[in-house]
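J.: Just so you know, the protein sequences line up as chains C and U, in that order. So in my numbering, the last spot in the first sequence is 451, and the numbers never skip. So in my numbering, the last spot in the second sequence is 184, and the numbers never skip.
In case anyone wonders, no lab produced these hints; they're calculated from the structure. All values derive from a computational prediction rather than experimental measurement.
Simulated crosslink set (DSBU-like; lysine-lysine; CA at most 30 Å straight-line):
no., chain 1, residue 1, chain 2, residue 2
1, C, LYS22, U, LYS2
2, C, LYS382, C, LYS340
3, C, LYS117, C, LYS105
4, C, LYS219, C, LYS230
5, C, LYS105, C, LYS57
6, U, LYS33, C, LYS22
Chain C is faced by these chain U residues, among others (derived, beta-carbon under 8 Å):
no., residue
7, SER55
8, ILE82
9, PRO83
10, ILE84
11, LEU85
12, THR86
13, VAL88
14, MET94
15, HIS134
16, THR139
17, HIS140
18, SER150
19, HIS152
20, ALA153
A virtual CB, placed ideally from N, CA and C, is assigned to each residue, including glycine.
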Amino acid sequence: MSTLGKLLIVDDELTVRDSLGKWFREEGYDVTTLENAGDALTQLATQRWDVALVDIKMHGTDGIELQRRMHEIDPELLVIIMTGYASVETAVAALKNGAYDYVTKPLDPDEIAHLVKNALAHRRTTQENVLLRETVAEVARPEDMVGQSGPMRKVFEAVETVGPTDATVLITGESGTGKELVARAIHQASVRRFHPLVAIHCGALTETLLESELFGHEKGAFTGAQFRKKGKFEIAEGGTIFLDEIGDISLKTQTDLLRVLQEREITRVGGNQTIKVDFRCIAATNKDLEKLIEEGKFRPDLFYRLNVFRIELPALRERRDDIPALVNHFVRKFSLAMNKRITRVAPAAMNQLQEQPWAGNVRELENAVERAMVVGQEPELKEQDFIFKSQVASNGSSKTLEDMERAYILRVVEECGGNQSHAAEMLDIDRVTLYHKLKKYGWTRTPVETR
Amino acid sequence: MKQLQLLPIGNVDDGLLKDLRPAVEETFQVSCKVLPVRLDPEFAYHGERQQYHSSEILHRMQSFLTEDSWRLLGIAAVDLYIPILTFVFGEAQMGGPCALVSTHRLRQELYGLPADPNLFGQRVIKEAVHELGHTVSLTHCDDYRCAMASSHAVEWIDLKESTLCTTCRTAVTPVKQVLSGRFF
Numbered sequence: 001m002s003t004l005g006k007l008l009i010v011d012d013e014l015t016v017r018d019s020l021g022k023w024f025r026e027e028g029y030d031v032t033t034l035e036n037a038g039d040a041l042t043q044l045a046t047q048r049w050d051v052a053l054v055d056i057k058m059h060g061t062d063g064i065e066l067q068r069r070m071h072e073i074d075p076e077l078l079v080i081i082m083t084g085y086a087s088v089e090t091a092v093a094a095l096k097n098g099a100y101d102y103v104t105k106p107l108d109p110d111e112i113a114h115l116v117k118n119a120l121a122h123r124r125t126t127q128e129n130v131l132l133r134e135t136v137a138e139v140a141r142p143e144d145m146v147g148q149s150g151p152m153r154k155v156f157e158a159v160e161t162v163g164p165t166d167a168t169v170l171i172t173g174e175s176g177t178g179k180e181l182v183a184r185a186i187h188q189a190s191v192r193r194f195h196p197l198v199a200i201h202c203g204a205l206t207e208t209l210l211e212s213e214l215f216g217h218e219k220g221a222f223t224g225a226q227f228r229k230k231g232k233f234e235i236a237e238g239g240t241i242f243l244d245e246i247g248d249i250s251l252k253t254q255t256d257l258l259r260v261l262q263e264r265e266i267t268r269v270g271g272n273q274t275i276k277v278d279f280r281c282i283a284a285t286n287k288d289l290e291k292l293i294e295e296g297k298f299r300p301d302l303f304y305r306l307n308v309f310r311i312e313l314p315a316l317r318e319r320r321d322d323i324p325a326l327v328n329h330f331v332r333k334f335s336l337a338m339n340k341r342i343t344r345v346a347p348a349a350m351n352q353l354q355e356q357p358w359a360g361n362v363r364e365l366e367n368a369v370e371r372a373m374v375v376g377q378e379p380e381l382k383e384q385d386f387i388f389k390s391q392v393a394s395n396g397s398s399k400t401l402e403d404m405e406r407a408y409i410l411r412v413v414e415e416c417g418g419n420q421s422h423a424a425e426m427l428d429i430d431r432v433t434l435y436h437k438l439k440k441y442g443w444t445r446t447p448v449e450t451r
Numbered sequence: 001m002k003q004l005q006l007l008p009i010g011n012v013d014d015g016l017l018k019d020l021r022p023a024v025e026e027t028f029q030v031s032c033k034v035l036p037v038r039l040d041p042e043f044a045y046h047g048e049r050q051q052y053h054s055s056e057i058l059h060r061m062q063s064f065l066t067e068d069s070w071r072l073l074g075i076a077a078v079d080l081y082i083p084i085l086t087f088v089f090g091e092a093q094m095g096g097p098c099a100l101v102s103t104h105r106l107r108q109e110l111y112g113l114p115a116d117p118n119l120f121g122q123r124v125i126k127e128a129v130h131e132l133g134h135t136v137s138l139t140h141c142d143d144y145r146c147a148m149a150s151s152h153a154v155e156w157i158d159l160k161e162s163t164l165c166t167t168c169r170t171a172v173t174p175v176k177q178v179l180s181g182r183f184f
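Build out the structure end to end from the sequences listed, making use of the hints.
T.: Structure (structure tokens):
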């Protein structure tokens with residue numbers, strides 16, 4: 001016979017165990033009654049219950065402590081604390097520790113029946129929610145990182161290895177190689193993935209602001225601090241904090257950061273109360289931290305704390321084989337965003353893209369594709385939609401804004417087959433302006449070679 | 001021939017017991033008799049709570065069982081409790097011979113409303129069928145109209161009917177086997 005749910009009742013009073021157990025069985029629950037915390041913890045190692053009703057006052061381990069230890073074994077167990085008398089202190093202690101609710105003895109039959117029923121509904125909803133989020137996470141993950149080359153396969157393997165652990169990760173690589181993307185992939189692969197990933201770009205903030213951002217501040221901590229503010233470490237509770245550009249922080253902040261990583265507690269700026277924080281740390285830098293240590297600009301102890309597991313991201317020039325896949329990925333992405341039906345890149349353009357130096361790495365490539373998508377015509381991106389380095393370098397005259405404007409206008413006119421009205425429309429300028437510009441450039445109806 | 005026996009507990013109106021008989025006879029297809037004795041519940045009184053311990057009364061009722069008892073249903077006018085709950089409308093031995101119903105909280109007057117004898121009688125019948133249902137191992141029913149539906153307030157009792165739903169009725173069929181004498 002199916003039951004409404006599995007209940008555990010822990011109370012050292014036999015009459016309570018018997019009467020409540022019997023009452024809930026009649027209600028249709030599968031009930032187990034136990035008389036002390038020790039028995040409950042032993043049984044919980046091998047069995048699972050949906051809801052536990054725990055008496056607050058018991059010989060030996062009390063209900064609050066039992067609830068805490070039960071959650072260490074089964075974090076999803078919903079615990080309802082039964083108290084002999086209503087007091088704010090016990091209620092707060094129970095709820096602060098993660099109890100689902102508390103009830104006062106003797107229990108009102110209607111109230112306890114509803115409470116347990118609601119607790120079970122809450123548990124089922126939570127379980128369904130987790131299942132849905134896991135499904136979504138599975139679907140969303142592969143899209144983020146693109147690449148099949150040897151160096152990238154190593155990166156994926158590293159992410160897969162370190163993701164599910166709670167280890168601190170240091171991601172190094174040139175600017176634009178996708179360090180934040182890797183941090184997000186690690187977070188997604190971890191048990192913390194349903195908690196926030198909080199990213200902070202350390203290099204973008206002054207020392208004082210960074211401290212306040214990381215650790216929060218109390219009201220009045222400094223001029224303008226009108227309200228208490230939580231720091232990123234507090235916001236990342238249960239999740240991951242991503243410290244980007246870690247090589248750019250001051251020695252003072254490095255010391256504070258080291259303390260947080262060691263003690264797992266923070267003190268808000270202007271405050272004196274320590275706050276326990278639970279987070280995973282992922283740091284990233286494009287700087288050579290070992291060199292900074294030699295120069296006395298980076299604390300070695302902080303480096304060792306961060307460098308538990310290292311992932312080095314290759315520069316794009318070291319994985320040119322991935323460029324076509326990346327380009328196609330960005331074309332798909334921007335065609336959706338811009339609502340354009342551009343589905344491919346001409347082979348000649350792709351060849352050129354693979355030969356570019358890409359000093360700005362994937363970020364630069366993404367920007368180049370985005371720009372090409374703006375000017376490109378459906379259904380294909382062509383060579384002329386991109387601005388290639390060799391093209392700029394070889395054409396010494398195309399260095400000024402005026403030169404660039406000239407080249408661009410002539411190309412658009414050419415694409416429009418010399419139709420000035422159409423070209424003016426494309427360029428979003430009036431026809432007279434275009435006429436004057438063409439006259440100035442010495443344009444004739446003969447097709448003009450722009451390169 | 002085994003019978004369903006009704007035991008008055010404390011000061012219970014005889015007329016109420018007489019009205020109850022045909023209703024339970026029909027539901028459980030068994031003859032019903034009001035016992036000519038009365039149980040004084042004072043032994044189960046809790047001074048501080050000003051209520052009567054239901055389980056203790058249920059336990060004492062065992063001594064009233066005879067060879068002819070199929071089930072023994074106690075009808076009490078006093079307010080019942082079990083230690084962990086503020087009150088109970090009744091209590092039963094799951095799959096056992098004894099059950100108990102309190103009429104105290106079934107009266108409209110308790111809720112500041114004018115007396116309604118008809119409604120009161122209906123509530124007593126529903127609770128009697130409900131507790132007797134537990135003695136034949138029925139647990140609470142999901143169908144809110146069934147007499148076995150869980151009800152912790154009179155409003156819920158009023159929602160349900162005094163009869164069992166098809167599912168619960170089917171589960172009670174083995175009662176006939178019990179009546180043939182195999183129960184004890």
